[in-house]
Structure formats: structure tokens, C-alpha cells
Amino acid sequence: MAKANKEVLYGLYDDEEVLLEAVHKAQEEHLEIMDVFTPFPVHGLDHALHLSESRLHIAGFIFGAIGTLTAFLFMTWVFTRDWPIIFGGKPYFSAPAFIPITFELTVLFSAIGMVVSFYTVCGMSPGTVNPTLDDRITDNKFCIAFDTTNADATISDQLRAFFSSTGASEVNVKTI
Amino acid sequence: MSAVVSPIRDPLIEGGKTYGQITEDICSPTERVPSLAWTVAFIIAVLGLGLYVFTVVWTIFYGIGSWNLNRTIGWGWDITNFVWWIGIGHAGTLISAILLLFRQKWRTGVNRAAEAMTIFAVVCAGQFPLIHMGRLWLGFFIFPYPNTRGPLWVNFNSPLLWDVFAISTYFTVSLLFWYTGLVPDFATLRDRSKGIRRKLYNTVSFGWTGAAKHWQRFESLSLVLAGLSTPLVLSVHTIVSFDFATSVIPGWHTTIFPPYFVAGAIFSGFAMVLTLMLITRKVLKLEQYITLAHIESMNKVILVTGTIVGVAYLTELFIAWYSGYLYEQYAFYNRVLGPYWWSYVGMMACNVLSPQIFWVKKFRRSITITFVMSIFVNIGMWFERFVIIATTLARDYIPSSWSYYTPTWVEIGIFIGTLGLFFTLYLIFTRVAPVVAVAEVKSILKTAGDQYVGPNAKHQHETETAKTASH
Amino acid sequence: MNQFKFAASHKAVTYGMMGLGVLCLLITFLIDDELHTRFWSNYLHNTVFFTGVAFISLFIMSAFITAWAGWYVTMKRVWEAYALFLIPGLALMLVLIIGLWGGFHHLYHWADAEAVATDKILQHKSAFLNKGWYTFGTLIIMGVWIFFAMKLRQLSLDEDQYGTTEYKYHHKMRIWAAAFLPLGGFTSAALVWQWVMSVDAHWYSTLYAWYTGASWFVSAMALTILTVIFLKFMGYLEAITEEHLHDMGKYLFAFSIFWTYLWFSQYMLIWYANVGEETVYFQTRQREYPVLFYGNLIINFLVPFFVLMRNDTKRKYGTLVFVSAVVLIGHWLDFFQMIKPGVLHTAHEVMAHGHDHAHGEEAHHAFMMGFHFPGLLEIGTMIGFLGLFIYFVFSRLEKASFEPKNDPYLAESLQHHV
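Taken in sequence, the protein lines are chains A, B and C. Residue numbers for the first sequence follow this note's numbering, beginning at 4 and rising by one. Residue numbers for the second sequence follow this note's numbering, beginning at 5 and rising by one. Residue numbers for the third sequence follow this note's numbering, beginning at -15 and rising by one.
Quick caveat, the hints were computed from the structure, so don't treat them as lab data. One or more hints might be untrue.
Listed below are the simulated DSSO-like cross-link pairs for lysine-lysine, each with C-alpha atoms no more than 30 Å apart in a straight line [stated by the list, open to error]:
1) B:Lys217 x C:Lys300
2) B:Lys462 x C:Lys300
3) A:Lys177 x B:Lys203
4) A:Lys9 x B:Lys203
5) C:Lys156 x B:Lys304
6) B:Lys365 x B:Lys462
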């Protein structure tokens, strides 16, 4: 994530439906949105922004499979090769008894792996400081932001016109 | 999610709230000076916690002999409490995960607190396997790590070890699920605060900005975690039931235990959620977010799971007769008419009979009755574990081994102490985090808020999202 | 198109299927052993399977009504029709009951007076396992179920005709549906114990009723998916989209896993404790019927688990049809392996009733088609029962519109989107 200073022109909306319409309009006018910020997930927004689908579930599956194999193979090795002991008259390779732990480790690896992946790809960790455009975005305002670092006045005006035509309640500039 | 809402549904957010009001209502309790009610409750809870520390230190210092476990009742209040606490913890995951998969919007009013309850309940439950070891400083032996004793591994074939993995996994995954959901809400608190408070909330919110891509990943993660947590919650109490069912003891070895334990866990968990929520909503003035509709839904779950538990009891009784197996039949005869008959009666009365009251709508929507019932259910579920454990062990195969068990003050103190531990943690939670999931409640406002849905709806709401979204 | 018309050509196909079923039953009867074991066990197997699907459909519908579910109402007529199949189900059970009293079949060891006379366990169980209880239990309990099925159906039809925005019919339905849940739960266990568990008369398992319930659930969901996709193919149920099918796919996935969980619980606990009286059930199946035993798990767990895990597969009609068909056959096989080993054992016991051979001693039987594995006659018989089921269900579908126009959740269902 580039940490060089950016100039951001952003507009705040009061309602997510108005926001969605604005996003659609921006796509129609081929305006390049830097990002959209909302206080809660807005249904249909990722589609409107043509965001590619998250692949976290694939990571989850892979981590889970690693957990399954780790658990099952380890227990098999311990009880058939390393130190075989007869428990309750059962065979050394007591597959039914291996299932509960195998299942738990699958879930554990999958969950931890996915959560760590999630925070990694989002660039988040304890203490990450992300410059917020406006404190009210996590409250009740919806924000469309454009990167105007290298933009000239015409683009700025176009964007401001876009904001006022789509019903933004405020438009501001910030350097982050 | 369907944006069209049937007119027959109750609104889930009352008071015609705006997004800003939701933030204010739910976040402000963490910003105010604690109320008198909170302070008094906290003092009592901390006293309980102190009792816990004292009795545990006493146990470690004087040994397990300070308890009344004997031959043949090797498991008494310790394991009863362990199963009781784990069972309570299940409701949180059910509300978060299973109700998410079933798209039940009402979960958003209670899921944050319920998930917190799960974590604290699991913390309390986890104490018992440790302290009942006696030499708890050797507790790490239960983990399979390479060592110089062979290496001597743990017995992966034993349900007691399956428990270790199950509860560790359950604690970890619940914590991750709860925390993931908390991050956006911590960001909300961060943006409302200044100075050191802001720095603290920034640390715990990981720099959350609310970017669209992040929310997209967040929803994907929540859904998969929910999908994982659902079989997980089933597996945890199933594995706990395996502690008993894998044995050959009559009354313990029965194939119905896994789903029956899970149903019972959900039953007691929801009761505890109700106990906590009824008090919380009153003290923090969140009645418009935790409405009678929420309470009624939870009471329905209690009725269903209580009935399932009742079906299981009757099945066990019938099959005990059907089996023709003398010892199995005696085990149940003993439960009903033996020296612990009072715990069986308590169990039946609290678990099977009393929830039937919830067939009546008026009672389902009564706060007083719900509160009383929530306590009864938890008492009943405690009795159920006691019946299964102590009653059964008291009279098994050989009459000359029969014994009786009453707890010592140390054991009683530990149990009350864990209540202190639980409430201490819960009360701290209510001070530092929003008790209701702020972002999630906002996301259902337009489909469940009373200005959009229900008898007082000012406008029938059909959002643009339904029209624009297509798959 | 909202009004179903049972096309003459389709009716003819179901007649053909039923005819095939009757033919197969006839052939089975003729080539069978002296006790007509194969004939009667095929009959029991299919009766229990399809009647159970009907019962569980009623249960599912009641659960959904009680839970305020709205997404499915544009297809609720399918489940209403499935539930009404309890009526022919009762008629089918009546044949078994008559067979019981007339001594025509020897499916149940406890029905054989000679066996009971010398067997302490059967004597003990005879207070429950007897012809009287079997008869009256079935008649009364199924009678009650049919009453509820018809009641909910009538309220649903009345709502179409007379319903207003006060939703009085819906509120009544909720009460009846809620009442059915505990009733159905308790009584179905009793019938499962009588009809299926008692085939292995010396054995028992407290989980058994829930396990068969889960198997019925998955079967019903699979059959529903196939029916819905077929109806859509014919131009009906336009309001049902991939969104609804996605949900049904999720149920198929989730309950296949739930079934596997119950299978594992029952198996592992019996394996672990290693008590001879219990393990004999699985020993027989693992040793003498291994194809059925392991096949059951592979088909009913591995296939739905891996195929339905991804989000996109639950939205593809072709994949859903494939997986539903596999799982439907898989759970039919599940009931096959629940019933056949015990029936075969009983038949051998009854036929050997002069000879003194220790009970529990499992002579290794040579492969018997129709017992160790379903043969063409079993498949033909199944097709016959399926034909009957489809014929009956489609005839019911003709009696009501697919669109429940006064249902309070109609708008939600029409706009349903996941």
C-alpha cells in the first residue's frame, strides 16, 4: 500500500441507496472511484463497483485440508509407527477414534488461516493506523472518494458536479 | 437478502431510529461513567471472583481431597459444572453462526453479547478440567508436544483428549468470530473518541476504514466462519457427550447422547442469553434494539430445544425398558426413585414441564415470566448433568461399590466463584465494547426498523438493491 | 403457468412405472424362497422409504411455518402434496399389517410365535413388539398424521380462496404446524422402532429414530429438488429461481452432513464400547454386506460434501439434479442396508426352526442378489413405488394453484434472493 501523500476529493452521502445510485452513475460516466467507505456492508455495492469476488473461502478450504491431513496422518504415525499401544483392544489404526480430533483441527486451521489471511490482505493488524477521511463514516455517512493527487481543475470540477448531481450532502478535500 | 418484507413480521428495531441514533444509543454506554447498577453488580461479581481464586488455591494447596469425590463417584460437581458451562456457551455460536446461515435478522440484536457470553462461558468451563487434575502445573502434559519421555504422546483415542482439542478449537474460533465482528464496531468507537481512548480503540480496531472491498471480504469471512462454526458447535458438545457415551456404564452408554447434549446445550445457552439480555437491555436502555420480538424468538427456541430434550429423556426411558438389559433398567429406576430422586424431579420439572408455558404467546412475550424461566432452565440443565454424572455413578454394577456424594464448601465455592468470574468478564465487556452489533443492526434497519415494517410502518420499503442486484 | 396440468403422456409414464413395479413384485414373489422374504422385504423397504418421505415433508413444512420462513411459499404446494402421500402410505402399510396377522410374511422375528416362545429377549419385548401394537400404532399414529396433513392443506387452500390481510388462516396454520412438531417427533420414533428397528429384534439404539429421520429428510429434499427442476422444465414454477434452489441445495448439503454426523455417532459409540450385543449389528453389515456398508457412506457423505460445498454448484440445475439423484438412491440404499440383513437373518432363523443353532452365530451366507446388493428386481420395484408417488403427488398438484395468492410471505418468496 503506497504511503505517499494523496490528495483525496470525497463526498458524503446520508443514505446507502443514494450512494448506490451515485456509484452506478460514476460507472456510467467512467469516473475512476478510488474507494467507497460505508458504516456497514451495503448489499449490491461490491457488484456495482465491479469488485472481483473474494477468494478467502478458497484459502479457508486449503487451510482446512492441511488441518485434516496433519491431524489424521500425525495420529496414524504416532499410533502405528512411533509408539503403538493397544487401547481398549482396538487395532493400532483406530480410524473412528481419530475422526473427532481430525475434524477439530480442520476447523481450527481453516478458521485461523482465514482470519489471518483476511487481515493480511486488508493490510490490517493491531495498531495499523489508516488515515480516516471523516469520523462520521463509521457512524452514519457514506463516502465516495476520488484520488485527485495529479488531477487538474477540470477533473475536480467534473467530480464536484458529479457529487452535487447525485445528492452528496458534503464534499471535501483531504490529504492523506 | 430479500428486501421485500412480509407485513406479518414484527419490527426488530423500534423508535424510528436513524443510523446516527443507532450509533449513539449503543455506543454511549461505553462512554459514560458506569451506572450505580453496574458498579454494584461489578463489586458482587469481583467478590465472587475472589471466592473463586480462594477456593482454587485451597484446592491446589490441600489437594483434591478437599473435595468429596470418592469411589465410585469420581466425577461430581467438577464435571457437572464443566458440562454446564460449555453447554451455556453454545448459544452464542448458534446465534452468530447458525442463525446467520438461516438468515434470521433478529440475531443482530443479541449476537454480540451472546458471542461474548460464549467466550466467557468457555473460559469458566475450561477451568474445571485444569483444576480437577490436582497437579495443575503439569497441565501441559495433555498437549501433544515432542518431549524427552519417549516422546510420550497423549492418548488420541480418549474422549477426554478429544475434549482438549474440541474446547481449544471452540474457544479460538469463537474468539476469532466474535473479534472479527467487533472490529468495525471498535472503529466506530475509535472515531467517536479522542486522545488515549482513541489510540486504544485504534489498536483494537486494526485501522478499519469501512472500505467496500474490506466489507466484501468481511462478509465472505463471516459466512465461512459461520459455516465452520455450525458443525463446530455441534461437534464440541458431541465430543463432551462422548466422554460419557463411549463408556459401558448403563445410563451413559447410549447412542442418542450426541444430538441430545447439543439440544440441551442450546436450551441452557439461550436461557443464559435471556438472563443477561433482560438485565442488559433494561440497564443500558436498549429495549428498542432487544425487543419483545427478540425475546419471543428466543423463547420459541427454548420451547423447541426443551421439547427435543424431553423426547430424548423419554426415548432413553423407553429403550432402557425395551433393551431388556437389567443394568440399564436399574440405572433409570435409580434415577427416578433412588437417593437422588429429587435431582431427577428437578430436572424433569425445569426442563420438560416448565418450558411448555411458552406455548402461550402472552407468556412468551412477558419479561417477568421469561426471566424466571431462564433461571429455571439453567437450574434444570444443571440438574440434568448432575443426574447423568453423580446419580449414575452412585449406583452402577456392583452394589458393594455403591456410594453417595455431597459437595464440600470448596466445591460449592468454586462453582459460585465461576459465576463471579463469568459476570466479572461480562460486566467488563459491557463497559468497553458495544453490547449490540452496531454495524449489523444498521444493515437491517431498512428491512426491520419499525418505520419500514410492521403496523406502524410509515413507508413500505423496497430498496433499490433488490432491483439492481442480479446474479 | 400457475395451474398444474398432469399431462396424459406423463401420467402414462407413471402408469408404466407402476406396472413395472407390480411386474417386478410378481416375479420376485414367484422366484422367492418359501417365506417370500425378498418380496416382502422389498415391499417393506419401499413402503417405509416413501411413507417416510411423506411424513418428513409434513414435518419440514410445519417447521418452516412455525419458524416464519417465507422464501419457500411459492413451492409449498409440492410439500403439501408430498405430505398427502401419507394416505397411500397408510394403505401400503395396511398390506403389511394384513400380512402380519395372516402369517404371510416373516419380516419380524418377534411376530413368530415359535421364536418368541424360546427367546427371552423377544418375550420381554413382546409387550411392545406385537401384532396389536404394530397394527393400532400404525393406524392411529398415521391417522393423526394424515389428519394434520389434510388440515394444513385445507387451511392453505382456504387461504387462497378466502384469505384477507388479517391473515387469519395463516395464524391458524401456525398453531397446527407448531402442534404437529412435537407430536410428529414423538410418534415417528415409535413407528420407526416398530417398522424398521425391530427387524433386528435383539438390537437397539436410542439414536435410531433420529438417524432414520435425517435419512428421510435428505431424501425428501433431494426428491423436492428433482421435482421442482422438472416442473420448471415443463414451464411451471417460474417464480422459483436459482435463489430458491440454492437454498434447497444448502439444505441438502447441511443435512447430508448432519446425517453423516448421526451415522458416525451411532457407529463410533458402538465400536468404541465394543459391547457384543450392540456390535453384532455393525459386524454383520461390515463383514457380510461391505459394499452396502461403505457405499452408504461414500454416496451419502462424500458425494454431497464435495459437490455441494462450492457456492456455484448449488445454483446449477444440472449439478443439482445429479447430486439429488445420487443422494436419493444413496438414502434408498441406506434403508436397504437397515432392513435387509435383519430380514435375511430372521428368515434363516425361521426356516431353521427345527434345528438348534446358537442365536447370534452368524453363518457366512453366500451372496444373495436382492439382499447383499439390490438387483434389477429391487430397482424395478423402487421405480414402481416412485411411479406411485409421482402419480399421486402430481394428481394433488392439479388441485391447487402454485401461487398461494393470499399467503403473507408471497412477496418475499417472489423476490427471494440470496
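A quick look at each hint next to the structure:
1. Taking the CA atoms of Lys217 of chain B and Lys300 of chain C, the gap is about 27 Å. The hint holds against a cut of 30 Å.
2. Distance hint between Lys462 of chain B and Lys300 of chain C is unfulfilled; the C-alpha atoms sit about 40 Å from each other, more than 30 Å.
3. For the given pair, Lys177 of chain A sits about 21 Å from Lys203 of chain B by alpha-carbon distance, which is consistent with the 30 Å threshold.
4. For the proposed pair Lys9 of chain A and Lys203 of chain B, the alpha carbon gap of about 23 Å is at most 30 Å, so the pair holds.
5. Distance check on the hinted pair: Lys156 of chain C and Lys304 of chain B sit about 17 Å apart at the alpha-carbon level, within 30 Å; holds.
6. Between Lys365 of chain B and Lys462 of chain B the alpha-carbon distance is near 27 Å, which keeps this suggested pair within the 30 Å criterion.
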